Structures are given as structure tokens and as C-alpha cells.
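One letter stands for each residue in the lines below.
There are 2 protein chains.
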Amino acid sequence: MTPEPAAKAVSLRETLRAADGPVTLLGYDPGSRPLAPGSKAKALKALASTGEELAAQQEMLYAGGASGDPRRVLLVLQGTDTSGKDGVVSHVVGQVGPAGVRITSFKKPTAEEAAHHFLWRIRRALPPAGLIGVFNRSHYEDVLVTRVHQSIDDAAWAERIADINAFERQLVESGTVLLKCFLHISYTEQRKRLLARLDDPTKYWKFNPADIDERAYWSDYQAAYAAAIAATSTEHAPWYIVPSDTKWYRNWAISQLLRDALLGMELSYPKADFDIEAARARLQPPF
Amino acid sequence: MTPEPAAKAVSLRETLRAADGPVTLLGYDPGSRPLAPGSKAKALKALASTGEELAAQQEMLYAGGASGDPRRVLLVLQGTDTSGKDGVVSHVVGQVGPAGVRITSFKKPTAEEAAHHFLWRIRRALPPAGLIGVFNRSHYEDVLVTRVHQSIDDAAWAERIADINAFERQLVESGTVLLKCFLHISYTEQRKRLLARLDDPTKYWKFNPADIDERAYWSDYQAAYAAAIAATSTEHAPWYIVPSDTKWYRNWAISQLLRDALLGMELSYPKADFDIEAARARLQPPF
Chain V
1 MTPEPAAKAV SLRETLRAAD GPVTLLGYDP GSRPLAPGSK AKALKALAST GEELAAQQEM
61 LYAGGASGDP RRVLLVLQGT DTSGKDGVVS HVVGQVGPAG VRITSFKKPT AEEAAHHFLW
121 RIRRALPPAG LIGVFNRSHY EDVLVTRVHQ SIDDAAWAER IADINAFERQ LVESGTVLLK
181 CFLHISYTEQ RKRLLARLDD PTKYWKFNPA DIDERAYWSD YQAAYAAAIA ATSTEHAPWY
241 IVPSDTKWYR NWAISQLLRD ALLGMELSYP KADFDIEAAR ARLQPPF
Chain Z
1 MTPEPAAKAV SLRETLRAAD GPVTLLGYDP GSRPLAPGSK AKALKALAST GEELAAQQEM
61 LYAGGASGDP RRVLLVLQGT DTSGKDGVVS HVVGQVGPAG VRITSFKKPT AEEAAHHFLW
121 RIRRALPPAG LIGVFNRSHY EDVLVTRVHQ SIDDAAWAER IADINAFERQ LVESGTVLLK
181 CFLHISYTEQ RKRLLARLDD PTKYWKFNPA DIDERAYWSD YQAAYAAAIA ATSTEHAPWY
241 IVPSDTKWYR NWAISQLLRD ALLGMELSYP KADFDIEAAR ARLQPPF
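Just so you know, the protein sequences line up as chains V and Z, in that order.
Here this note's numbering is used: position 73 in the first sequence is 73, and no number is missing along the way.
Here this note's numbering is used: position 125 in the second sequence is 125, and no number is missing along the way.
For the record, the hints were derived by calculation from the structure and aren't laboratory data.
Some hints here could point you the wrong way.
The calculated EDC-like cross-link candidates involving lysine to aspartate or glutamate, where the alpha carbons are at most 20 Å apart (straight line), are [claimed, not checked]:
1. 271/Z - 200/V
2. 192/V - 213/V
3. 203/Z - 213/V
4. 107/V - 211/V
5. 203/V - 141/Z
6. 206/V - 220/V
7. 40/V - 275/V
8. 206/V - 273/Z
9. 107/V - 59/Z
10. 206/V - 277/Z
Remember, it's a predicted structure, so these values are computed and weren't measured experimentally.
Extracted from the complex, chain V is given alone in its bound form (with noise of 0.2 Å):
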């Protein structure tokens, strides 16, 4: 399987890359597809090839991490409900093998989880050497649902975006390659798939009516991702903007993110580090 030419890749990288400075998310358009391909077949296309390099590369840096390579993957993904958390892990991270994968999902904080520092069961999740950790929602559900509800003041928001700052910035020194994804839908389009899921009874357990609540703070949430986006896209730990609306876009864009992380680290298979000739010649039969 022959990589895409690089040029491409850092591409996308560079068009879905947050802006420094202040960011608004209305810049932004959920609808788009930047640098996609053709048409939506030659997408799904284009994801299960990428789907093969990624299973490739995740071989070798699992090798890695059995043989003393400390690296690792976190994927981060946050969004709106609906805004395709769930499919980007079964779409794009069940391509690699399941061993290779760490999932965590973070839901509302247990009564142990919140009496420590938010960060605690964070760092209890990240994914050990060898691993891609994936993160559905993350620590910064404690600056967005927080500021949107005001449990928190300016202040109290101010440190917990130096925590997080300061901890990634731990992270990517210890070796974890950090990918930061918002998934940017509309607010059109999260409606139609919120009535989706009441149309179908085999989604009736992933709807909850206070998701209609949450929705009424959609301006609310979109300013508090904003502004958590241009106070933690750093040079070691940028965020994309990934558009959503459109979920093969979506799917294909953030396969191609991750690839490209991967690839960046220019893993390798280890080598022996015992006498193959030796070991062969044991194994002659009749042992």
C-alpha cells in the first residue's frame, strides 16, 4: 500500500488546523469538505486503504511499545451530540486491531471522580506505550459544560485551561503524539439526526431528552468550544476542525489525521535483540 503523496496530507493537516488566535466556529463551515475526494464512494474507497496503513502502522508501534519504545497515540474527539463521536471510533479506530486501542468514553463524573482534580481520571486513562488511546469526550468537558452552565467562574476556567496546557504539554514530552478533533456539525443538521434516532427503535437508547435541553444551549456550547479551542491549540497539541455534517467526509478526514500522526513518528519494526541463528538451530526437530 503506497501512501498518498505527502504533499496532500500535510494539506489537510494545515487546511483543518485550527487558526491561532481567537477562533469562531461560525468561520467555520460543518457542511464543507475540504480537499475531499471525488465523491462519496471514492472516499469510502480512500478509508479502507487508509484503513490498512493505519492497521500497518499500529502493528509497528505496538511492536514498539512491547520492546521498550514509550510512544504513544491519543486521539481526542469532542463535538455536540450527534456530532459523530461514536462513528469516527467505529469507522475509523475499528480499522486497527483491537488490541492495539484503548476506548474511553467520559460520561458525566462519578461522585469519586469529582472529588478529585478533574485531570485524575484522565490520567488514569491514558493509553499505555504502544497504544492509541482514544478519548471519547475528554478533560475539556470540564471547560465547555462547566462555562456553558456557569458552575464555574473565569477564574476557575483560566486554571483549568493552564492545567490542561501544562498536561498536555507532559504528555507530548513523554512521548504521546496528541490529535485533538472537534467535530463540527450544524445546528440543522443535529436536529435531523436527533429525529433519526426517534425514528428508529434501535437508536431509542442513545436519545436522552435532555439532550433537547442541551440543545437550547447550542450558541452557548458553540462560544465555550471556541473559546477553549484557541486557548489549548498549541504548536505541540493543535486541534482541527474537522467539518461533520457530511459523515464519510468526516470518517475520511480524520483517518487521514491520524495516518499522518502515525506516519510523523516514522515507527519502525525493533530488532532482534536475541541470536536468530542460535534460536533456529534449537528448534531443529525431533525438539
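With chain V fixed as given, assemble chain Z onto it according to the hints.
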């Protein structure tokens, strides 16, 4: 996807289930392929189609777990080095959504683990409700390696066996469906697979010269497996002895066993616990 006739499915379970009473592994041919599809090509096709059933069943299991159903599945994979545990994780478990599985590979206990009862680390790795847990090696290592290398005496071994039976009974009583598979390969097949790793630089990391040392204890391991299987194959948690010299047969057979275990749970999607019409009415434009 129409499930295959139940008669055939039941019959694979019955065929591979460890016989009651003393077990000698010499009586089970690792190269046999009982009830296999007629060819490798047909088996791969059947595996893909069972994969779709597995994915559909797992989604229902997950939905149930998210809605208060306490049930879960635990697939225990045991077998000597190169027997194909990683292959099953990748080719069988890899067919379901990655968020729905929790895989734990048990290695040599850490100092902290060794300082606790041998089931301590096992209990910590149990899958939550709605998930399929996979143990790549398990609590059975503690009655195998220890017996072969005589680090525990007969009385301690018997005590551990009793602990395991009590533990597994508790698991089943609290809603876990246990599926215990012994991947049975031959002495010759292990040599072939170890030598193959030495021929493939992408597999060096999987090779450990200590595995050759352990191979010298082959007969002791077979006897230890037989004793453990005989002592822990219970009505609620039977062992399946899966002939594993043929990789496609092993994958096909375990996918069938897992599928049957899920079908046996008679899963269904949770009903809506909210007013669907009221939710739909709230979601009309312009809201």
C-alpha cells in the same frame, strides 16, 4: 442476516466441549476440523458473515448495558505460545465495534499483582455491563505455569482450582456469560510457527528465546492444561477445546461459539423510556 440453523450451531458447541471427567489432550486432534465449512474459502466467507451477526449482537448487548441490563460476556483464551490467541483477538474480536470490547493481555504478574491474591488483577479487568471482555491468557496461568514449574504444591493447586470455580460461579450468577476456549495446537505446529517468526523481521518482537525453554516442558504443559480443564469445566462455565493447527478453522470455530453465546442471551434493543412524540414535537423547526 439469517442465523444458521440452531441445530448446527448447538452441535459445534457440543462437539468442541471438553468431555466430562478426566481429560487427556491426546484424545483431541489439533489438526482436525469438526463441522468445518467445506473449504478455507467457504470458512472465510462464513467468518465474515458471522462477523456481521457478532457486530449486530454486540450492539444490542452494549445498548442493554447502557440501559441497566447487567449482562456481559467474557471470552477467555488460553493456549501455549503461538497457539493463536492474538489471531483470535484480531480476526474474531476485531469484527465487532472497538468500543464494545475490552481486551486484557495478562503477562507475568507485576510486583504489585504478585503481592495480592491471584484473582485480584483478574477481578480488576472484568468487563463492565454491556461489554465483551477478552482475556488473552487469564487466571488459568496461575494453575498452569505454577504447576509445570512446581512453584505451588498439590494442595495449593487444588485450593486455587476451588477459588476459580467459586469465582466463575459468582461471575455467571451476576450476569456474565463465560466462554472459555483452549486453543489446541500440536508440538510440530508450534515448531513451525516459532521458526516462521524467525524468518520474518516484522515478527522478531514476538519472539522470546525463553519460549524455546518452555517448549522443553511441552508434555508437562499438556498435562497441566488437561488437569485444569477437567477440574474447571462446569455446567455454567464449560471449556471448549478448539483444534487450532488450522488458523482459519480456529477463527471460524471461535466466531461461531461467540455468536452462539450471544444468541443464547436473547438480546433485544431497550424500549424507549421517554415520550417519543413529545421529543419529536420539541425538535420541530425553528428549534
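Each hint, compared with the structure:
1. 271/Z - 200/V: holds (11 Å)
2. 192/V - 213/V: Holds, because 16 Å separates the two Cα atoms, which is no more than 20 Å.
3. 203/Z - 213/V: Since the Cα atoms of residue 203/Z and residue 213/V sit roughly 53 Å apart, the hinted pair is violated (cutoff 20 Å).
4. 107/V - 211/V: holds (13 Å)
5. 203/V - 141/Z: violated (41 Å)
6. 206/V - 220/V: violated (23 Å)
7. 40/V - 275/V: violated (50 Å)
8. 206/V - 273/Z: holds (11 Å)
9. 107/V - 59/Z: holds (19 Å)
10. 206/V - 277/Z: Holds, at roughly 16 Å.
Going through the hint list in order, the structure does not satisfy hints 3, 5, 6 and 7.
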